[in-house]
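Novice: Residue strings, one per chain:
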Amino acid sequence: MSVPASSEVDPQLQERLRSVDPVVFDIVLLSFASVIVFSALGLRPGSRLVPLVIGIPTVIALVAQTALDIFRFRHPVQEASVTGHDPLDLGFARLGEVVSAAVREEAEDTVLPTGEEARRRQLLFALWAVGLGVLATLTTFYLAAPIGLFAILLAVGRSPIKALLVTGGVLAFLYLTFDLLLNVPF
Amino acid sequence: MHRTTARKLPTVLILLLVFTLVLAACASDDGGETTTTTAAATTTAAATATTAGETTTTAGPVDDCDGYPTQDVVLVVPYNPGGGFDTWARTIAPYLETYLPNGVNVIVENRAGAGGLVGVTEVFGSDPEGYTMAITEPGVLVTSLIAGTTDTAFDELTVLGQLTVAPEVIVVAADSGWETIEDVQAAAADGPLLMATGGVAAVNIVSFDALGIPWTNVVHEGSGEAMLSIIRGDTDITVFPLSSVEENVTAGDMTPLVVVGTPPAAGQPGADVIAGVPTLDEVTGIEGLGSALEQHRILVAAPGTPSCVVDILDGAIEASFGDAEFLTLLNEAGRIPGWADAASGQAILENTLSALQQYADLLREQLTD
Amino acid sequence: MIDGLAGAFTDLMTWPSPLYLMLGVVLGLVVGILPGIGGGGAMALLIPFTFGMSPAHGIAFLMAVGASSGIGGQITSILVSIPGDPPNAATVIDGYAMTKQGKAAEALGAATWGSMFGAVFGMALFLIVLPLARNLVLAFSYPDFFMIAVAGLVVISSLTGGKVHKGLAAAGVGLLVSFVGLDPVSGNPRFAFGTLYLWDGIPLVPALVGLFAGSEMLALFSVRGSQSLAETDPDAPVSRMIDGLYSTLRAWKTVIVSSFIGFFAGLVPGISGTLAAFVAYGQAKRMSKNPDQFGHGAVEGVIAPETANDADKGGGLLPTLAFGIPGGVIMAVLLSGLILHGVPAGPNLLRGDLHIVYVLVVAALLPRFVAGGIVLAVGTRATVLTRMRGDVLAPIITVIALIGVYALRNEPIDVLLALVFSYVGYGMEAHGFSRLTFIIAMVLGSLIESSYHQTLQTFGLRGFVTRPIALILLFVTVATLAGPPILKRIRRRRLVEVGGDRK
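So the protein lines, in turn, are chains A, B and C.
Residues in the first sequence are numbered consecutively from 40, following the working numbering.
Residues in the second sequence are numbered consecutively from 92, following the working numbering.
Residues in the third sequence are numbered consecutively from 394, following the working numbering.
Take the hints with a grain of salt, since some may be wrong.
As the list claims (entries may be wrong) - Output of the computed footprint for chain C on chain B, the stretches with three or more beta carbons under 8 angstroms from beta carbons of chain C:
#1 203 to 211
#2 244 to 258
#3 286 to 296
#4 310 to 318
#5 416 to 430
Honestly, the hints are just simulated from the structure, not real lab data.
Computed from a predicted model, the values in this text were never measured in an experiment.
For every residue, glycine included, the Cβ atom is placed at its ideal position computed from N, Cα and C.
Same shape as in the complex, but just chain A (with noise of 0.2 angstroms):
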């Protein structure tokens, strides 16, 4: 690949990086189910072979899964098909040859973020919402709640009289449901 111009750097950059995303969540997965089979290997026999025999074949699919990604992350140019390579041949394939078509579908159908702006919004609202869960575990909802719907209303554009009356409202809402009704302690 040439060495692009700095104006170009970001597109392809950016189609880079979102191709590690794959990469990252096969990893994420991988880990996990490593994490399980390593330790299943310290149990007694009897409680180690079921998750042996599901862990070790997952574990070996993510394992294929990642390669796969990173291969295609290493080279973009390459057409992503859909079927990438030939699925297994057992009885699922011929029901999943049926409903291939809607696979190609849901891929397309699953609205995540494209453009520049959306991916921007993610990123924002999962900020958002892990802040919004340390807030609430560290001290309590009944802060955290509104200070961090107020907070996410404003940063979307909203005037702070509207934002402030929806968090008002919701506030209202859940002391009447969960504290008077359902007395949950927060």
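Please arrange chains B and C on chain A, whose structure you already have, making use of the hints.
Specialist: What follows is chains B and C alone, placed relative to chain A:
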């Protein structure tokens, strides 16, 4: 650079000011009182922090029980809704409310998990101010302590009292052909019996060891499924609280063989069901073994709860058991009141610990990998 | 029997019973709408409330809460993709898809009608089967549980789609997640790494809420931020609740099959309503004339699970009343409620006075109709939510969902877990792993493993092939797996014979 620092400075100062004010406010509540109880020390430190989920105010320590209780009390049920402990808690809660001073509420919370350990652990770690307590059973706590399945020193809990005590019963299917425990012991010579459990507890391990019966554990999702499997005939034998097996024995599906603990007095619910059945102590000749294994339901609070607080809670529990309405409710539900005060409750916990200590190896072997 | 039912009905209609019923219905609906906390939890919280009531009233009230919570749960599942209760998880898939297409009202209507039909069928089956209750419950044992679970896995195979390897990986990971928790052999915790939190395994509800709601809310916020949730074709006729009724009536075969599936799931204590919903979903897809629609707003994908999980309540009464052994949290609470009011549920109940049984049946059905009626009348108002801006709706829903998750067990780590699973759900959506497969595997895993070990311990290996029910299920499973490919081969061969060389 300077501009931003200059802008940040006032904010930092203000934050510092607020922080010191808060600290000062909390500290002033201590008012220089000195006490010898460790309770005061821990509560002072904890007063400035909020423990998520339990106390909602940062009140100062209660070393002189000044006006205890000043806020709602939480009763933690370390099991899912609908079980025996849950029912007991929800039945007694309104009465505790009545008999605790200052008109505070008693709120029941479910915190299930780890066979009842999650809820108790939470209370164990809470502020010893008397605002959180749990309903639990000494057997579960002691077993975990001895086998080392968790790190919590459950024997340090403050016991507030016992609510009831009920025996467990070793049962087999009615059509198994076994009539007495001796029949079972004979059958066990051919090989280990299949025991249906909803999870292994001390009562299974210890009583069967004392009876000399080898067994294999067939684990089930819960006591209900375990009992069904006995009735179906898929497993051979099991041990469950009297209240759980009562119906099935009356219906003729199960035969009781041994009573672990003290049978209820004549006329009390369940008494006729196990009339004539020998107790574990009788069969094995080991005194007091049954009482260490049977099901005591006790109320506990965090270690180091001040004794004046304990007295108040103890008194409220005692008063509840003196309330005719409460007793009627219990009777209708087929529950037997078995109140014992805080000191007795503490003794029960200690007795269970010492009785089961000798089985430490056995427990550890079964309960850890 | 009819007099018994009529008697119970008049009992429940005499003042002040209707008041308690209404109260229970309203409370149940509200609780059902709130994500996280479910009918069972609410019922437990409200037991002390019933102390002052007579047994019949108290039971009726509790049943009303439990019954309506299921219907309330449908609303959030369909409108905002958050399962109100695990059994609603299957409804989320097509229900939310329909909402996005602007057909929320139809979906709600279909779900409500499906629930009501399912409840009626379930109760009818219950009454018919009642004399045989004991034998029926005792007929199912470990090998049968195992086969049922395996049948559930076969359902997964039909939902996996083209990327078989990814589907299998998703199933594998789902199964592994389910293995965390209590070891079915020793009863001790496994893969918990010393924590109390993981002792009982990874909790289903936070995982479910995170998995389904997480990526949907994310998408709602980021992609449809400035638009409303529902994308309506201005030329299409406005979806109405009554369309839901027509759809349900048209899908009568699905309704009946799903009811049976739900009833049997309730009957067998080890099988949860969640599993029933998924199996019904899979079966409906298999029986459908347009299976490709499933996952994209097929109304049968809404009807099937909701019918099943309401019929499940009917089946669930059998072990509860016949043996005093509850088949779920709602049943457990009901049981303790019964006991508290001096009604000894257990084997003797069915031999003695059946009056309370009839009260239970009517108390289970009546609130469903009332709740259903309320939803049908007022539900269209709720769909106004779908017209709110995505970037306002999403944060609100997220906050409520997280609080609901917390309220379930008062465990803050559950909230974090829900967030973790939101990422997992997002990742799965973005990279082609089937969340449905994952969730089914997660629900099934522990059942498969425990029933496998239980069978080995009690029957031995032969147990899998010597019991009638297990054998039937095995045959059905094999037929479902091998059937379509074999049929295809036969058809192809016929084509060749008829039309000469294909090339």
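Novice: Tell me, in ascending order, the numbers of any earlier hints that this structure violates.
Specialist: Number 2 - this is the single hint that the structure violates.
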